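Chains as they are written, first to last, in my numbering: chain A, 1 to 496; chain B, 1001 to 1125.
Possibly wrong hints are sitting among the right ones.
[As the list claims (entries may be wrong)] Quick list of the computed label-pair ranges, beta carbon to beta carbon: (1) Val69/A / Tyr1074/B: 17 to 25 Å; (2) Gly495/A / Asp1066/B: 40 to 48 Å; (3) Glu202/A / Met1119/B: 52 to 60 Å.
[Stated by the list, open to error] Computed cross-link-like contacts, DSBU-like style, restricted to lysine-lysine with a CA-CA straight-line distance of at most 30 Å: (4) Lys361/A / Lys168/A; (5) Lys361/A / Lys30/A; (6) Lys310/A / Lys1036/B; (7) Lys159/A / Lys1103/B; (8) Lys208/A / Lys1005/B.
[As the list claims (entries may be wrong)] Reference listing, derived: stretches of chain B covered by chain A, where coverage requires no fewer than 3 residues with Cβ under 8 Å from a Cβ of chain A: (9) 1031–1043; (10) 1050–1056; (11) 1063–1073; (12) 1098–1109.
Because the hints were derived from the structure by calculation, they are not lab data.
Bear in mind that the values here come from a model prediction, so they are computed numbers and not experimental data.
Glycine included, C-beta positions come from ideal geometry on N, C-alpha and C.
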Amino acid sequence: MKLMVHFPVLTIILFFTSAFVFPLTGKWSKKSKYNLALISSAIPLILSLLMAFYVSNKGGFSYYVGNWVAPWGIEIKADCLSVYMASVITLLGMLVIMFTRHISPSDVEEDQIHTYYSLMLLLFGSMLGITFTWDLFNLFVFMEINSIVACAVVSIKDKRDAIEGALKYLLLSSLGSGCILIATALIYAITGNLNFSFIHRELLNIVKDYPLNILVSLSLFVVGFGVKAALVPLHVWLPDAHSSAPSPSSAVLSGLVLKVYVIGIIKVMFFVYGTAIIKELPILKLLNISASLSIILGSVIAMVQKDIKKMLAYSSIAQIGYIFLGIGLFNETSLRGALFHILSHSITKANLFLAAGNIIKKTGIREINDLKGLGSKMPVTLFAFTVSSLSMVGLPLLSGFHSKWLLGLGSLRAGQSLSLTILLVSSLLNAGYYLPIVISAFFKETSLNLREETLITKGIEKFVLITLSFMVLFFGLFPGVPMYFVTKAATLLLGN
Amino acid sequence: MYFYKALLNNYYYFTAVILFVIGFYTLLSNTNLIKKIIGLNIMDTAIFLLFISIGYVKSGSAPIIDLANKQAVYVNPLPSALILTGIVVAVSVTAYALALTIKLYEHYGSIDLDIIFEMRRQVIK
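Sequences are here, hints too, so could you generate the full structure?
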């Protein structure tokens, strides 16, 4: 126990220190750089899993940075929500690092690879920071690290569309940070605290005196996090940034970075404001509407895309909509659905992006129409793509099914039959753009001349794709462990 | 009357809000990238102003405790400390955005987004 208290901060520090070691390794061979990155992402994974095990047995715990107790110092808290998210981040992080072993020089140049690892580890560290922190300003600092580094992993690919996507991303996410900082200022002005629990306690006392201040600050938080998580009217940066990035970056950006901001807004909404205040404000209705818009608009635009990575990026917008819908419906079942969807969509979308990246790297094909007949040439990659597509559609036995099932049940419980209809329609739309790719890849002949020897998928890449597909299947068949954390987290959130 | 009194007493809040909106508008409406970045900076400055003004106490001194003078009032040091971090963050975002603008200029020969979009559309055709 004594040692365990330090684990949350250790995971963050380990990522950050190893990130700052990487710039010194410029002269190392590619293999040893990769080994160092793998080790420095594997240790936090072990720590996170140990923490998850501990928290599930003994309950959450707090850590005070520099031994300064709560209202003065920064509090870091490991509860069911944060250890669950930390495990997802570190697990997926390590798998993506493994996939970068044979990253193509057109994505990241050979002499830039150590910078790339450095940025990736910074990204994971800042995401863990957002997950664990219990302090509003600390949240802002980690978020800024995250948004700069997230742009940097896009712009490291020195192509003009990547630079343009990164700049758009940077400007809009700075706008989001601005909104969040001004909301923090408003909250600090009326409560005089930055610690979540202390603000919450103060807010319950003064909610009658400052109704306008509370409404404005919460709306600014929603807009700020909404920009960063690509909620629909604020999603314009996502398709460019995610589709032009190097494939491992796209996997992390779509799989994790978006989800971390969702965790951010969940923490702010439930732990800072609390259920009593949120219920009184029109925020939930607003979230419901934009989530529904995200789901429909994302799916419809994804359908007409010709570029495979663009299609996956628009599909991310739709899937983020599911998570926000779960929050907006505001009952235990829908929150469980939303939180489970964080895991399910992370592994599925990462798998899809890595598979698509592998196809692009080996064949140079980006057009969806040219993918036909590839099933027999690249069986493992297309198998991974198929399993993940089916999970996206929400087929039973795969992990995507559980989240949609819970969201559907949640919308019935909230008495929102419209949300249920949207869920069903969007599942059909998902089938409409994922399945044709799969069918044409396996049952049609390719018209292109592809040389067999360029198509070989390396062992480690196969391992990552198969592990991710296996996880999609495993969490579909046995959702017990994540479901345990999700249920506990949902109770924790609604109990505040 | 009440409104004007509130306005006069809290004029720094209103200044901050006006600056914020100016920055916001510049960031979203201008097509020139440098002007967009300037807008971003104005927006950040507005937030810093708001934050600092929250911590200001009229005729307060720097928060170094004076044991001789028991009646002394001090300015709240926390917002200033936070904004120090905020300034560092804003500077690094600006530097990175400017670096990306230079890269974009190398690729397209322009920093105007309208021209860049036009060039991209022609490439797609």
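Inset, instruction - Determine which of the earlier numbered hints do not hold for this structure and return their numbers in increasing order. - result: 11
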